[in-house]
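2 protein chains.
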Amino acid sequence: MSEAIKELRKIAEKIYNDLTKGKIPSIELPARTKSNIVFDERYRVWKYGKQNITRSAVSLSGAYMLLRTMYVIDFIKEMIEQGKSSTLRELYYISEGWGDAKFSSQDESDKLAEDLEIITKKLREDFKLRPEEDGARVIGDIVIEEVTRKGEKRRIHCQDDVGDAGYSIPYNVEKEKLRFVEINADKVIAVETGGMFDRLVENRFDEKSNSILVHLKGQPARSTRRFIKRLNEELNLPVIVFTDGDPWSYRIYASVAYGAIKTAHISEY
Amino acid sequence: MSEAIKELRKIAEKIYNDLTKGKIPSIELPARTKSNIVFDERYRVWKYGKQNITRSAVSLSGAYMLLRTMYVIDFIKEMIEQGKSSTLRELYYISEGWGDAKFSSQDESDKLAEDLEIITKKLREDFKLRPEEDGARVIGDIVIEEVTRKGEKRRIHCQDDVGDAGYSIPYNVEKEKLRFVEINADKVIAVETGGMFDRLVENRFDEKSNSILVHLKGQPARSTRRFIKRLNEELNLPVIVFTDGDPWSYRIYASVAYGAIKTAHISEY
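If you're matching them up, the sequences are chains B and E in order. Residue numbers are given in numbering that gives the first Met the number 0: position 176 of the first sequence equals residue 175, and the series is strictly consecutive. Residue numbers are given in numbering that gives the first Met the number 0: position 165 of the second sequence equals residue 164, and the series is strictly consecutive.
FYI, nobody ran anything at the bench for these hints, they're computed from the structure. Watch out, some of these pointers could steer you wrong.
Identical chains blur together in the list; that is why a pair holds if it fits in one copy or across any two.
Okay, derived cross-link-like pairs now, PhoX-like style, lysine-lysine, Cα gap no bigger than 20 Å in a straight line [as the list claims (entries may be wrong)]:
(1) Lys-174 x Lys-127
(2) Lys-207 x Lys-121
(3) Lys-9 x Lys-20
(4) Lys-152 x Lys-228
(5) Lys-5 x Lys-76
(6) Lys-121 x Lys-228
(7) Lys-110 x Lys-149
(8) Lys-110 x Lys-33
(9) Lys-207 x Lys-149
(10) Lys-207 x Lys-83
(11) Lys-207 x Lys-101
(12) Lys-110 x Lys-20
(13) Lys-76 x Lys-186
(14) Lys-5 x Lys-33
(15) Lys-110 x Lys-186
Using the sequences provided together with the hints, build the complete structure.
The structure is reproduced here in structure tokens:
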């Protein structure tokens, strides 16, 4: 049984035991609010503090939430066992068929998937859930080894083996999928806008400045941030964030550097 | 002098001559409205009809429009001469420094760039203007030869030489940039959503069905549509559009098959 299923099972068992003992079923998880965000001096990122909230069937909306949680756990279990995956969007649409357990918006189901990550200390990749979009682009003097869908290891040089649009980051950038094989660049430049990224590529700035250019696409996707973080930690490359310089840019910079409230459980990754 | 500059110069000359002759300056262009859209039976796409509109300095807003047109022509001329390019977004921001000739929104400057395409019968690629985004992804049994920014010809097999995120389509997909070298797939499947595209890739549907999978990203970008059109015309591949099946999907299908009102001047490309 996979680790993820084991952890999810614990949640279901807790509810089951509450019910058989005649107790009102409930689950606990960290509060995901600004007041429960603590700056971790060691990793220099934001993490959740000690405030917990309880979701209990004492209220009707709480009961619905637990029902949805059980359905989602069951759905994830089925996917893992069958070796399939779904997008977060598909999860939301599939929930339409769950009667009283259906979500009223995708925000709700996305948030529940994150809740499950926090409780189980697993990543949504372990749950076989993935975002709709990914595909931030990379260009620079680095060789990446990607394990393809066929299970083959493929080495891609992000200047010599790709077109001018660069190498597209897959949605899973963990070590079992991506390895950095060879690197000659000495820094990472994360670029906010596509226009500026393409301009730098056109002017061959990656070669002249010996950098890896990464397109953030505005607020970076998880996989993009994780990719940059790995370059920083495993290869000790400094990361420069190149933004438009407007107030929104501070937020983008901060999310690259320190993480976001919504995903403070993965800030250190 | 480039063809594009020659054509743009004609517009400026017309205005100049009007002014020196003491006439109120004006330019004519096809009306870009639904009532001026005609279905071309031969190419089976929508094109502009015979209705023209006149932009003249007889009104203040018309005069501003002509002023902006002159500034944009000058800007494009400078870019072509210096071998530079800009995004449509940059054009809009740069216009902020043009005093009375500045645009009030990016919609306005985007539309003017299209007007210039229609009048000159050139493409915005000839004007060195490009969209902010591109990067629709392709996976399938086809070898593409891309002329890179260094001027080298690079051959990329869109299954064996790319990661699981596929080959990213560059913003310029014309023949001087992209050639189809070798093809074994026998059809194109254009997929509306990223989730479904990734699912098909994961299940290796491109191999099993011998297709080229193209991600439309909703309403397709010009370069994506053009790429598909070239596959269809040059290689005689049938194109299947795989959508969600909701009303929006009809629009997406139609824009792939017949073109859009806003860009009816390039429907046949």
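Alpha-carbon proximity context of Lys-76 and Lys-186, limit 20 Å: neither (41 Å within a copy, 36 Å between copies)
Intra- versus inter-copy proximity for Lys-121 and Lys-207 (alpha-carbon distance at most 20 Å): Classified as neither; 40 Å inside a copy, 33 Å across copies.
Copy assignment of Lys-207 with Lys-101, given that the CA separation must stay at most 20 Å: The answer is neither: 53 Å in one copy and 35 Å across copies each exceed 20 Å.
Intra/inter-copy verdict for Lys-110 and Lys-149 if alpha-carbon distance must be at most 20 Å: Close neither inside one copy (32 Å) nor across copies (45 Å); limit 20 Å.
Copy assignment of Lys-174 with Lys-127, given that the CA separation must stay at most 20 Å: within (16 Å within a copy, 40 Å between copies)
20 Å Cα threshold - placement of Lys-228 relative to Lys-121: within (18 Å within a copy, 44 Å between copies)
Status of Lys-33 relative to Lys-110 across identical chains (alpha carbons, at most 20 Å): within (16 Å within a copy, 43 Å between copies)
Intra- versus inter-subunit Cα pairing at 20 Å for Lys-207 with Lys-149: Intra 36 Å, inter 13 Å, cutoff 20 Å: inter-copy only.
Within, between, both or neither: Lys-5, Lys-76 at alpha-carbon 20 Å: within (10 Å within a copy, 65 Å between copies)
20 Å Cα threshold - placement of Lys-20 relative to Lys-9: Within one copy only: 16 Å inside a chain, 86 Å across chains, cut-off 20 Å.
Intra- versus inter-copy proximity for Lys-228 and Lys-152 (alpha-carbon distance at most 20 Å): neither (22 Å within a copy, 33 Å between copies)
Homomeric proximity label, Lys-110 with Lys-186: Cα distance no greater than 20 Å: Neither: 34 Å inside a copy, 39 Å across copies.
Violated hints for the displayed structure, listed by number in ascending order: 2, 4, 7, 11, 12, 13, 14, 15.
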